[in-house]
Amino acid sequence: MLILSIASVSFVFLIGIGLYWRAAPLFNENTLYSLFRSSEWAPSSGKFGFYPFIMGTLWVTLIAIVVALPLCLLTGVYLTEYAKSSVRRVMLPLVNILAGIPPVIYGVWGIFFVVPIVREYVAPRFTEYSSGYTVLTGGVVLAVMIFPILVSIVSEVLKTIPKELKDASLSLGATKWETIKKVVLKRALPGIIAATVLAVSRAFGETIAVLMVCGNVPVAPTSVFDGGYPLPALIANNFGEMMSIPLYDSALMFAALLLFVIIFLFNLVSRIILNRIEHKYSS
Amino acid sequence: MTQHPLISVKNLNVHIDGHHILKGVNINIPDKSVTSIIGPSGCGKTTLLKTFNRLLDDTANVKVSGSVLVSDEDIYAPDAEVTHIRKKMGLLSQRPYPLPMSIYDNVAYGPRIHGVRKKSELDAIVEKQLKDTSLWSEVKDRLHGPAAKLSIGQQQRLCLARGLAVEPEIILGDESTSALDPISTHKIEDLFVRLKEKYTIVLVTHILRQARRISDYIIFVYMGEIIEFGPTEEVLLNPREELTKQYVKGFIS
Ligand SMILES: Nc1ncnc2c1ncn2[C@@H]1O[C@H](COP(=O)(O)OP(=O)(O)O)[C@@H](O)[C@H]1O
Ligand SMILES: [Mg+2]
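Residue numbers (our numbering), protein chains in the order written: chain Z, 1291 to 1573; chain A, 14 to 266.
It should be emphasised that the hints constitute simulated quantities derived from the structure, not laboratory data.
Don't take every hint at face value.
Stated by the list, open to error - A short, non-exhaustive set of chain A residues, derived as facing chain Z with CB atoms under 8 Å:
hint	residue
1	P91
2	R99
3	K100
4	S106
Just so you know, even glycine gets a beta-carbon here, dropped at the ideal spot from N, CA and C.
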């Protein structure tokens, strides 16, 4: 066990170091600050500003969480607390099947379903023109993709809340819904955070679906109806053609490194939050 | 019976998953006294206790028939309001289950649910209940610290305080001392004896010595049926039924 965990941790570090090493040539020409803050993306003239891609990534991720989390919580609560056991027995395996659908299918669904809806119905209410290929679309598609895993983990977490804890609240005269809101969800919070992190980290990898519906414009979004260009999409889209342009490969490696660091930080921060909560409330 | 019964159970039958768990239970539990339910494990003690505040409602495949009157009100009547019924009883489970919040918020939880908003009022309730359960001096400096950080004995007294904060008439305890050390057990037992001035207390226990120490009446349950009910001394020292005799002597467990 120990050897395995050391191996996996050092593997993570090796990937990080490898990416850094391949990205290093980029640092000779650009300061880290300009890489992060500059919005200019013109590889052929040696301009590599990552700001749009970082922002594209964050927007899509945030929208996905904002859309998916409340729905998943409600679904999880329904399945574990309200649904008849017959419904539960059918629904949970079904949700797991959804989790197995390849990302490209979600992408196609996004193009033929979500993109037109955003273009025709949603965006016109708020803005003048939108192609429908927006960070909102990407966020919604990503939300649908993380939905199954999020629902199934959230349900697992909710199932672990002891019946006696709920009984304690009920026996004080709380209604079932009050009990769920004030006790069950509160107690489940660490697990819910962990589930979200896991789902999002995994979804980052499912580049293709998001790449198909985000528009892939290298400009930092300023509203949900702007297009965006998340880091994974940048890497996947340009990997083939990078050889001819100097430093392009380093730039893409840097994109990968950024993604790596973002996911790492994301996990780290949630780990810290989890520790805080556990420290405070666990018994 | 000298006292008026506070809980009156009439021909109560409980089926869970098609198993007949409680069989034609009739019992009158006297007001302002401690009544212990004893019997071998699996005989239906917990189930009987849970019928008193309708905690079986949320269990799947449960059928309850018959009636349970609390202060002459049938709690299984179609128009009975379940939150109102449960508010009348504090429940103390086998292990303490503090709510995932601070000590203060645990005690204030019930009153808040029932509409108490004013901080001064909540402060007063919290202080009173913690004093009544002899916790105040131990926790008054960390009221806003997590309840989970208390020792298990303190947690159980906190759960009692939490239950008392909704001003119940009845306290239900399900082997509430079985997870506690002897000193904490004594504290809880003392509290029960003190609290029966104001409350009707029904306890499930499998410790005969405990039943003897603190209860006024004893109900002996065997395989879902009430075998014997009477004053503590009579049931334990001079049982009428053969089964009770065997259980008290330790032949059945
Ligand atoms: N939720 C349930 N589902 C199925 N069977 C149950 C459930 N609760 C209790 N029982 C059964 O009812 C019987 C009595 O249980 P219980 O009241 O917990 O006994 P005791 O508290 O006296 O040990 C046991 O045989 C138990 O298996
Ligand atoms: Mg029991």
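Consistency of the hints with the structure:
Nearest Cβ of chain Z to the Cβ of P91 of chain A: about 18 Å, over the 8 Å cut. The hint is violated. Taken as an interface hint, R99 of chain A checks out: its beta carbon lies about 5 Å from the nearest beta carbon of chain Z, inside 8 Å. Taking 8 Å as the C-beta contact cut-off toward chain Z, the hint placing K100 of chain A at the interface holds, the least distance being around 3 Å. The interface hint given for S106 of chain A holds, since its Cβ lies 5 Å from the closest Cβ of chain Z, which is under the 8 Å cut-off.
Going through the hint list in order, the structure does not satisfy hint 1, though it satisfies all others.
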